[in-house]
Amino acid sequence: MISFTYLEPVDIDEALATLARYGDEAKVIAGGTGLVNLMKQRLVQPTYLIGLRRLAGLSGMHYDGTLQIGALCTHRMIETSMLVRNHVPLLAETFRQVASVRIRTMATIGGALAHADPNQDPPPAFMVLDARVRLRSQQRTREVAIGEFFTGYYETVVAPNELITEVVIPSPLADSGATFVKFLPQTHDDYATVAVAAQVTLDGDRIAEARVALGAAAATPLRATAVEDALRGQVPTPTVLREAAVLVADAVDPTSDFRGSAPYKRDMAVVFVRRALAQAAVRARAGRGTA
Amino acid sequence: MANLVSIGQPAGHVEGPAKVTGRALYTADVTLPGMLWGKCLRSPFPHARLLSIDVSQARQLSGVHAVLTGVELPEVRIGRFLLDIPVLARDRVRFVGEKVVAIAAESPDIAEEALTLIDVQYEELPAVFDPLEALQEHAPRIHEHPDSYTHPPIPEAFLHGGVAEFFPSIPNVVSQVFYRHGDLGAGFAQADRVFEHTFFVPSVHQGYIEPHACVVSIEPSGKINVWLSDKTPFIARSQFAAALGVPEDRIRVNPVSIGGDFGGKGSLMDSVLCYYLAQHSGRPVKMVMTYTEELMAGNPRHAAALTLRTGVTRDGQMTARQAKLVFNCGAYGAFTPLHTVHGGVHAGGPYRVPHIEIACLRVYTNTVPAGHMRAPGAPQTIFAVESHMDMIAHELGLDPLEFRLRNVLAEGDPSPLGEHWQHIRCKETLLAAAQAARWSTEKPPHVGRGLGMYDREPGAFGPSSATLSIDADAKLTLLTGAADTGTGSYTVLQQVVAEELQVPLEAVMIIQGDTDTATFEVGAGGSRFTHTAGLATLTAARELKQALITLAAQRLGCVPEQVQLQAGHFVVADGHSLDLAMLMAWAAEQGAAPLSRTGSYLPTGPVAITCFCAQVAEVEVDPETGQVQLRKLVTAHDVGTVINPLTHQGQIEGGVVQGIGQALTEHLLVQDGAVTTLHLGDYKLPTALDIPELTTVLVETKAGPAPYAGKAVGELSNVAVPAAVANAVFDAVGVRLTELPITAERVYAGLRAQEGRQ
Amino acid sequence: MRTIRLQVNGQPVVREIPDNRLLVDFLRYDLDLTGTKEGCSVGVCGACTVLLDGQPVSSCIVLAVIVDGCEVTTIEGLAQGDRFHPLQQAFIEYGGFQCGICTPGQIMAAKALLDGNPYPSKEEIQTWMMGNLCRCTGYYKIIESIQAVAKGKVAP
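Quick note, the sequences are listed as chains A, B and C, same order. Under this note's numbering, the first residue of the first sequence carries the number 1, and numbering increases by one thereafter. Under this note's numbering, the first residue of the second sequence carries the number 1, and numbering increases by one thereafter. Under this note's numbering, the first residue of the third sequence carries the number 1, and numbering increases by one thereafter.
Simulated from the structure, these hints should not be mistaken for laboratory data. It is possible that part of the hints are untrue.
Facing chain B, from chain C, some residues (calculated, C-beta under 7 Å) [to be verified]: (1) G35; (2) A79; (3) G95.
Pairs of lysine to aspartate or glutamate, DMTMM-like flavour, derived with a Cα cap of 20 Å [claimed, not checked]: (4) A:K40 / B:E112; (5) B:K632 / B:E693; (6) B:K632 / C:E144; (7) B:K324 / B:E196; (8) B:K632 / C:E123; (9) A:K40 / B:E106; (10) A:K27 / C:E144.
All residues carry an ideal CB built from backbone N, CA and C; glycine is no exception.
Based on the provided sequences and hints, a complete structural model is requested.
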């Protein structure tokens with residue numbers, strides 16, 4: 001393991017000041033499930049490590065019509081939270097599928113977003129929910145829509161002197177159903193070959209709005225807007241869903257890797273978009289959101 | 001057989017308390033005063049000349065105590081049989097990951113940092129990665145003078161009447177073996193149809209959770225103290241001594257628990273290098289491989305290309321088989337304890353094949369050196385054999401079960417290589433599996449069942465020995481030189497002693513001695529341990545029992561012939577008796593305690609008995625994605641007396657899941673000669689969610705070479721699983737995969753190709 | 001360097017450590033608690049599982065500085081003298097281990113499961129334990145061992 005100096009600010013102001021002071025020489029660490037491995041492999045070699053675990057006020061959740069999740073909430077907290085299960089069950093369903101329980105007890109939502117690994121599970125769910133990410137620096141606080149948050153392969157809009165403080169999730173619309181589907185053709189402990197989050201909102205028996213987002217399908221998570229546009233106003237029959245799902249093939253840009261070749265992932269995106277939409281539509285009809 | 005008390009008990013591992021509390025000692029747990037940590041710089045190229053190595057900056061780093069390059073070490077090659085691998089590369093590197101420089105430093109962090117300060121200049125050489133290409137005349141020669149490498153004579157017992165030679169005049173071939181029986185030409189002439197199929201099996205890693213580790217400490221007297229993850233401590237001592245050119249008693253191999261072996265922990269690995277670091281630094285040194293180093297440069301299973309050609313009559317009887325098996329040795333042959341991978345002998349399967357020729361080539365390539373893994377060569381060979389059987393059955397319009405029933409060995413049949421086995425239970429085992437799997441019942445769409453069979457003899461090489469002592473308190477201690485790899489081996493020995501001496505299991509302690517205190521024990525491997533070490537222990541126990549009877553006779557004032565051991569009491573016909581505790585208390589007064597006897601066993605040749613295994617995999621294939629769900633697996637085993645049903649079943653279950661890994665999820669991916677699956681996030685071992693519903697059927701016969709008529713089980717249940725799964729996939733959706741692993745993407749490609757043809 | 005103060009197996013521990021010390025190395029080499037093992041070094045295999053404030057973590061990817069003020073439980077903290085924890089007893093009786101290298105991690109993960117969910121279904125057991133790799137057992141007897149404890153079949 002490389003050498004570094006570990007600093008532990010007592011509050012967010014001190015954390016931001018430290019971050020501003022050390023700039024490129026510093027990296028922020030919360031749960032460390034991504035960063036520690038990168039440091040062990042010498043791929044990332046910060047001189048200063050700014051530990052955030054103790055920062056008060058960033059590991060809470062509350063609901064006031066929107067769900068606000070502090071950046072230091074762990075995946076396990078989100079997976080098990082009654083607030084999340086009641087108000088945005090799609091997130092509970094998504095977070096419990098991430099890696100293993102040991103990773104989920106340490107990995108934070110802020111860390112996951114900042115790391116921006118294109119293969120991780122939560123971002124497509126956040127995209128379908130139109131989540132917003134709150135960022136703070138010494139100068140200002142801002143909110144970025146999740147759709148604008150990821151800018152490239154392991155790249156986000158987070159500036160070097162900024163910290164993620166919260167994720168804000170609007171409540172799903174009434175008569176909506178949502179699901180997160182993770183295709184794991186190898187073992188159960190893996191990144192997805194393709195992952196799809198889908199939400200269907202009904203108006204009578206027609207789709208008022210459909211939202212579809214994919215993970216592990218491009219350099220960033222993406223919304224399949226062509227699919228969404230094709231579904232608006234349609235009755236979600238198997239044929240309608242199948243014909244809409246096909247449109248995702250042009251939207252994705254997967255990489256060939258251990259989890260599948262790019263052509264295979266592209267074909268699977270079509271299959272799983274269709275399956276996710278079907279399940280979301282069933283749940284919308286049942287009026288229960290996700291299980 | 002008289003009623004057995006301890007034999008047949010599902011006893012928990014005798015070393016269980018140590019393992020469940022974390023007290024069991026593994027090599028990486030050993031810490032000595034003043035100990036340094038060793039790390040290696042490894043070649044990034046698959047084939048290159050070493051032009052220069054500049055370690056000057058590394059030497060200067062504070063906390064570094066030794067820096068070694070190949071030219072500073074004696075020019076010695078080491079290995080388990082063929083001595084072809086240098087301790088550190090000298091003028092050339094032959095695979096990505098070959099060790100080039102070694103450092104000993106105060107901490108692993110300092111050692112790692114020192115590695116970054118080393119500058120090596122390489123001149124890349126043409127490399128070859130595919131064994132079929134390496135055979136070609138124009139292929140680069142990976143070893144310039146292989147004839148200069150030494151090796152022991154090839155043991156007769158492993159030849160099966162065939163011929164074998166090292167380094168025939170074929171480019172890059174390490175060994176060429178032919179096994180023959182009958183007249184191949186005549187056999188094919190009798191056939192109505194001839195089928196030929198080719199299969200590819202990539203390398204997989206043993207996947208033991210404990211990476212290789214070693215600690216070497218040189219005492220002022222010159223005694224070399226070694227701890228290492230090697231399941232054959234006495235062989236390790238002898239290899240170590242030979243490498244250093246010192247007498248064996250200069251080296252002491254100390255007892256440790258081994259965190260998984262599966263064939264992959266029988267070599268010295270880094271320990272000789274560790275010795276030189278200890279020698280140069282004047283301090284004890286510990287080296288622990290990272291898992292990345294294990295995947296890159298361990299000693300994984302041989303990849304193979306296998307072609308089978310079989311003649312059959314129109315009513316489905318096999319008449320002849322020709323097998324060409326090419327195994328990828330990797331850059332060095334040092335990691336197998338034989339000239340070849342033995343599993344090629346199974347190319348006829350458990351069938352009547354009157355005429356057969358099997359050609360096995362083991363070929364050097366510029367890839368990670370391959371070694372032994374649970375039934376070496378067998379999963380590759382049996383994947384080919386059992387897939388081939390189903391492919392032929394399909395062509396003949398025969399049910400795969402029916403085709404096998406027409407050809408399986410029956411009592412009295414010679415094996416394909418002309419061997420004669422007793423107690424052949426092949427058909428019974430096959431039918432037991434089929435019945436438990438409800439073979440002929442209807443299946444839903446996209447669900448398929450597939451068969452696979454294998455047979456393997458209990459291993460018979462040695463010698464084994466063990467010393468059984470009894471003390472003044474009547475506590476029994478068995479001193480064994482065997483290392484514990486987790487198979488339950490110590491518990492089996494405990495049960496043998498408890499049975500013979502008629503004491504409760506808790507009265508028998510098992511101690512692993514070091515190579516100074518224990519008598520010679522060749523160690524675990526090749527499914528031999530219950531057989532040979534069991535018989536050695538049985539001998540020790542019986543001799544000790546006899547000695548105790550003699551002692552009891554003295555005490556009771558009669559002759560030994562009048563004394564019997566019954567239910568833990570020494571009784572005479574006239575009713576006098578003495579229990580073991582009283583006898584030993586008396587013996588102690590006479591100065592006759594403790595009492596001990598050493599038993600040994602050296603097999604004289606292979607045993608004339610084999611163990612059959614038949615498996616049925618039931619899969620469901622998702623036709624849209626190609627994903628294969630292995631829902632159920634039946635594994636039927638032809639067994640002798642099962643000494644410990646708990647540990648026996650544990651071996652079956654563990655083997656099945658290793659087979660599942662090889663079938664579906666594991667692939668040691670090699671690209672341009674380098675392993676690219678470099679950690680367990682990318683090299684996919686099955687998890688607790690990836691296991692099927694498993695049914696085990698035991699077909700018991702009270703016959704076998706091991707104590708109490710036992711057989712062996714360790715290297716059976718992993719072998720035929722890949723073939724059974726491949727056959728099930730074909731049954732489910734008509735896609736035939738002749739390459740492992742059976743991935744969703746490959747099945748998907750097969751399904752889409754099928755659609756294209758329709 | 002930094003001084004951390006924490007509880008390990010119910011005992012207070014105060015140590016000065018380098019900032020880059022990993023928790024697994026702190027336990028194994030600074031505290032001589034070698035019951036926790038290291039396998040894959042990347043947080044996947046689970047051999048290094050310990051409980052941090054009752055929650056299972058991969059100690060090979062946790063920095064020791066981060067556990068200041070926390071409670072760490074390792075395999076050494078389970079038995080009370082000669083009295084084994086029911087999970088330890090069950091693993092022996094039901095064959096939940098073979099070579100034993102993954103066993104401390106398996107038992108710690110299983111403890112965390114049963115502490116939070118005393119009567120898990122077989123599927124819940126498999127899902128929770130999915131991140132603890134075993135190469136010897138094939139998992140069947142690990143699951144049976146945990147089920148035995150959940151069903152009260154293991155005498156304390």
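Evaluation of the provided hints:
About 2 Å separates the beta-carbon of G35 (chain C) from the nearest beta-carbon of chain B, less than 7 Å, and the hint is met. Because the beta carbon of A79 (chain C) sits about 5 Å from the nearest beta carbon in chain B, less than 7 Å, this interface hint is met. This hint holds: G95 (chain C) has a C-beta 5 Å from the nearest C-beta of chain B, less than the 7 Å allowed. Pair hint K40 (chain A) plus E112 (chain B) holds up; C-alpha atoms about 10 Å apart against a cutoff of 20 Å.
Restraint check for K632 (chain B) and E693 (chain B): the C-alpha separation of about 5 Å stays at or below 20 Å, so the hint holds. The suggested pairing of K632 (chain B) with E144 (chain C) holds, with an alpha-carbon distance near 18 Å, which does not exceed 20 Å. Restraint check for K324 (chain B) and E196 (chain B): the C-alpha separation of about 11 Å stays at or below 20 Å, so the hint holds. A threshold of 20 Å between alpha carbons decides the hint, and for K632 (chain B) with E123 (chain C) the separation of about 16 Å falls inside it, so the pair holds.
For the proposed pair K40 (chain A) and E106 (chain B), the alpha carbon gap of about 18 Å is at most 20 Å, so the pair holds. For the hint pairing K27 (chain A) with E144 (chain C), the CA-to-CA distance comes to about 44 Å; that exceeds 20 Å, so the pair is violated.
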